[in-house]
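Got chain A; can you put chain B on it based on the hints?
Chains as they are written, first to last, in the numbering used here: chain A, 45 to 249; chain B, 198 to 397.
Hint data in this document are derived by calculation from the structure and do not stem from the laboratory.
Note that CB positions come from ideal geometry on N, CA and C, so glycine has one too.
Be careful, since some hints might not be right.
Here are a few chain B residues that sit away from chain A, every Cβ distance over 10 angstroms (derived from the structure) [said to hold, decoys possible]: (1) 280; (2) 288; (3) 363; (4) 369.
Derived list of chain A stretches under chain B, where covered just means 3 residues or more per stretch with a C-beta under 8 angstroms from a C-beta of chain B [stated by the list, open to error]: (5) 67-80; (6) 206-212; (7) 218-224.
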Amino acid sequence: MAKEKASKQKKMNARVDFTPMVDMIMLLVTFFMLCTTLLKPQTMEIAMPSDKEDINEEQRSQIAESKAITILVDEGRTVYYFKGKPTDDNLEKSAFGKDGIRAVLMDANAEAVKKVQALKEKYQKKMSSNLGEELKLKEQYKEELDEIRDGDDTPNVIIKISEKAVYKDQIDILDEMQICNIGKYVIDNFKPEDKAKIDAKFGGK
Amino acid sequence: MTPMSDVMVLLLTFFMLTATFVKEEPIQVQTPGSVSEIKIPEKNLLTIFVQSVAGVGEEGATGKVFMTMDNESNLSALLDKMEESGALSGLTPEQKRAFAAAPTFGFPLNQMKTWLSPENEGKRSELLHLESAGIPCDSTNDELKVWVQAARDACGSDMRIAIKADATTPYAIIKKVMDSLRSIHENRYNLITNLKGADD
Chain A
45 MAKEKASKQK KMNARVDFTP MVDMIMLLVT FFMLCTTLLK PQTMEIAMPS DKEDINEEQR
105 SQIAESKAIT ILVDEGRTVY YFKGKPTDDN LEKSAFGKDG IRAVLMDANA EAVKKVQALK
165 EKYQKKMSSN LGEELKLKEQ YKEELDEIRD GDDTPNVIIK ISEKAVYKDQ IDILDEMQIC
225 NIGKYVIDNF KPEDKAKIDA KFGGK
Chain B
198 MTPMSDVMVL LLTFFMLTAT FVKEEPIQVQ TPGSVSEIKI PEKNLLTIFV QSVAGVGEEG
258 ATGKVFMTMD NESNLSALLD KMEESGALSG LTPEQKRAFA AAPTFGFPLN QMKTWLSPEN
318 EGKRSELLHL ESAGIPCDST NDELKVWVQA ARDACGSDMR IAIKADATTP YAIIKKVMDS
378 LRSIHENRYN LITNLKGADD
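Next up, chain A with everything else stripped away, as it sits in the complex (with noise of 0.2 angstroms):
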C-alpha cells in the first residue's frame, strides 16, 4: 500500500539539462572567433608641411649644413643619402637596416639617442602602480622625449623619395626617424636631378 503511494508521486529531477545551452555557447562563440579582430591596427602619425609653409630655397638654406642630411630613396630599396650642402661628391650608398643608415643616423643623432636612454632609465626607476600616477609619468616622459627630439643639436633630415620606390620604403623610413629619435624631418620632392646625381656618382641602372 504505501509502496504504491510512493510511485504515484513523481520523482523530480533536481538537474537541469545544460546540454542546448553549451551547443549554443559555442556555436556563439565560434562566431565570434572567426567574425572579429582582435588586433588593433597600428597607425603612424605624420605631419606634412602645408602648401603655404612650403621650404623653398631660401629656407632650405636656413638649415645649418652641419646638421643637414639629405635622404634618397631610389627604386629596388636603394638608399643614398649625404650630409651637409648638396655637393656632387659626398654622396654615400647605403641600405635599409640596422647597419644602413640607421647606424648613420644613429652616429648623427648620438647625443639626442644618449639623452633618451637615460631617460628611459630614469622613468623606469619611476614606474608607479598607481594607475593615475602612471599616466602622468606617461605624460611627462612623452613629453621630454619631444623636447630632446626637437632639441637643437638634433640634425635635420630632408626625405626624397623616388616615385619608383614602394609605400613600404616610405615607412620604413619614417620608422629609421622613430628608432633614431630624430624630430626633425621633411619628406620632400624626389626631383630628376637628384636621380642625375645618383646615376652620375653610381652609374644608375
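This is chain B only, laid out in the frame that chain A set:
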C-alpha cells in the same frame, strides 16, 4: 559538463568584450610593418584606401582610391555636405540610405548615382572591382579633395584621416593622394601599419 560550460561562457564574454568586427574592405591589403605603437583612433575616422592597379615600378602606374567612414551618421552627414556644396545633387532618399549603409564607396562623382541606384542593391561591393571604380585623384580631376573637404566640414576638426595601402603600392600613387590632401591643408594624418620589432 559544468566546468566546460563555465569555461565556454568565460570565453564567450572575453570575445564579446574585446573583439571589434571585421569591416568589409574593398581591397585586401598587407600593411607595412612599423615600430610605431600608436593605436588607431576608434571614433571619427576617415579611412582612405589606396589600391595599385598596375605592377610596381611600371611607368604610369595607376591607383584606385576608396573611402570609408566609421559610422553611418557620419556618412550621411558627409553626403549632405556634398549636396550642399553642389558636388553631388539629385539623390533620392533611397539612394542616400544606400550610401550610408555601404561599407566603402569609391566612384567618380558622375557615376555615383548609378552606383547607388536601387537595381544595384546587394552588389555594390562587387561593383567596386570594376575598372571605372575609384575616386579620381589626379591634378586635373581631383575629386578626393572634394570628398575630404566635405568630410572635414561634416565631421569637424576632431576627424582623423588615415591612409591604408599595401606595402607594395608604388610611391607615386601615395604621393598623389598626399599631394591632394596637402592642397586642402590637411597636413596631419595617420598611416596604418602593422607592428614589428626595430631590428628587422
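Hint check:
1. At roughly 28 angstroms from the closest C-beta of chain A, the C-beta of residue 280/B stays outside 10 angstroms, upholding its exclusion from the interface.
2. Against chain A, the non-interface label of residue 288/B holds: every CB pair exceeds 10 angstroms, the least being about 32 angstroms.
3. A beta-carbon of chain A comes within 10 angstroms of the beta-carbon of residue 363/B; the shortest separation is about 7 angstroms.
4. A beta-carbon of chain A comes within 10 angstroms of the beta-carbon of residue 369/B; the shortest separation is about 4 angstroms.
5. Taking a C-beta to C-beta cut-off of 8 angstroms, the region 67-80 of chain A contributes 8 residues in contact with chain B, enough for the three needed, and the coverage statement holds.
6. Check on the region 206-212 of chain A: 7 of its residues sit with their Cβ under 8 angstroms from a Cβ of chain B, so the three-residue criterion for coverage holds.
7. Coverage of the region 218-224 of chain A by chain B holds. Counting CB-CB distances below 8 angstroms, 4 residues qualify, and the rule asks for three or more.
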